[in-house]
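K.L.:
All chains should be built: construct the whole structure from the sequences, respecting the hints.
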Amino acid sequence: MNGVQLWAVQRATAMVLALAVVVHLVTILVAVRGGLSAAEIIGRTRGNWAWLGFYSVFALAAGLHGAIGLRAIAAEWAGWRGRGYDLAWIGIALLTAAFGIRAAWGLYSA
Amino acid sequence: MGEATAMLRVKVWRGNAEGGAMADYAVPARANQTVLDVVTHIQREVDPTLAYRFACRVGMCGSCAMVVNGRPRWTCRTHVSRVAQDGALELRPLSNLPVIRDLATDMAPFFDKWAKARGTFQPKDAPDGSVPDDFAVVPPATKQRQQADAGIECIGCGVCYSGCDIVAWNPDYLGPAALNRAWTLVNDVRDGARKDRLAAVAGDAGCHACHSTQSCTAHCPKGIDPSGAIAGLKRSLFWPGFKGGVR
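From first to last, the protein sequence lines stand for chains V and Y. When we follow my numbering, the leftmost residue of the first sequence carries the number 1, and every step to the right adds one. When we follow my numbering, the leftmost residue of the second sequence carries the number 1001, and every step to the right adds one.
In short, the hints are calculated from the structure, not lab data. All of these numbers come straight from a predicted model, not from anything done at the bench. Ideal Cβ placement from N, Cα and C applies to all residues, glycine included.
Take a look, some chain V residues computed to stay more than 10 angstroms from chain Y by CB distance: (1) A14; (2) V16; (3) V21; (4) H24; (5) L25; (6) L29; (7) A38; (8) E40; (9) I42; (10) R46; (11) G66; (12) A88; (13) T96; (14) Y108.
Now the in silico label distances, taken between C-beta atoms and shown as ranges: (15) V:V21 x Y:A1168: 25 to 33 angstroms; (16) Y:A1168 x V:L36: 47 to 55 angstroms; (17) Y:D1165 x V:V26: 29 to 37 angstroms; (18) Y:D1172 x V:A110: 46 to 54 angstroms.
The list that follows gives simulated cross-link-like pairs (lysine to aspartate or glutamate, DMTMM-like), each with its CA atoms no further than 25 angstroms apart: (19) Y:K1116 x V:D86; (20) Y:K1116 x Y:D1196; (21) Y:K1116 x V:E76; (22) Y:K1222 x Y:D1037; (23) Y:K1243 x V:D86; (24) Y:K1011 x Y:D1106; (25) Y:K1124 x Y:D1196.
P.N.:
Here it is in structure tokens:
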């Protein structure tokens, strides 16, 4: 991936995040009403394909978006530029996304 | 004249590529005085060794830009009364460009980037540079004509370049003026180099480095919106960026 593609990915993930963050926050507000227990959470998330799908997309978008943004900051402030750094940032993006997806999977399969 | 004249306290950066310091001057305040008038007074009446650059004095040539009280401006069209703070002026050479001497910067890197951004018109009808047989008719009401017109009045003064944080952080960044020029030509229906030009302005040293902080648009003395032009380049490059050929 070159700079143009990374920029486009960041722009596209921003659009996904704009929607996903709203859904995420509204879900929390609605779900927490009247208190929330661990058993209640797992009761909703276990085996819920829609929930897993939503948070997998959310985690992937967040991982990619954040790492590409950090790449730009590192290039401007620390002079970290070049192919090696780009690959490292893509690695960090996928790793961060994997952590999020792993957490979602944990609640799905709990 | 005759009565006691109010004086402006003017600090001017004096030096060269090796470094420099501020020097103090007192300049008589006059009605309708421009910042360029002040600099000219210092050079003619106080210290003839002061180096600065100007040509037209009427906002056409783009030669006289300096940093006035912390902000890049065209000095020939900037009235002292509008920018002086308690009768004080602080004049520095443009930022982000090498200083030759005092208030005169080396504009070469700025214009080299215009060339890098493929800022020269390449007629579609005459790729070899010859004069086309007939006039091209480009109706003023068309969208592309209006987008080309929006940026065409750039005088190349370097004010936007001096005020751009991204240029300061990334010396390879082409900068607002060169990208505004590229966008103007991308919208010029008579131009035949659209693809090459978009490729030239793509990437981390091109339009994709811009964070849309819009300092360029805020500072442009001609009221041009280079930030909008850069956004246009990004839009035009969104899908081509995935098809390859653009790096």
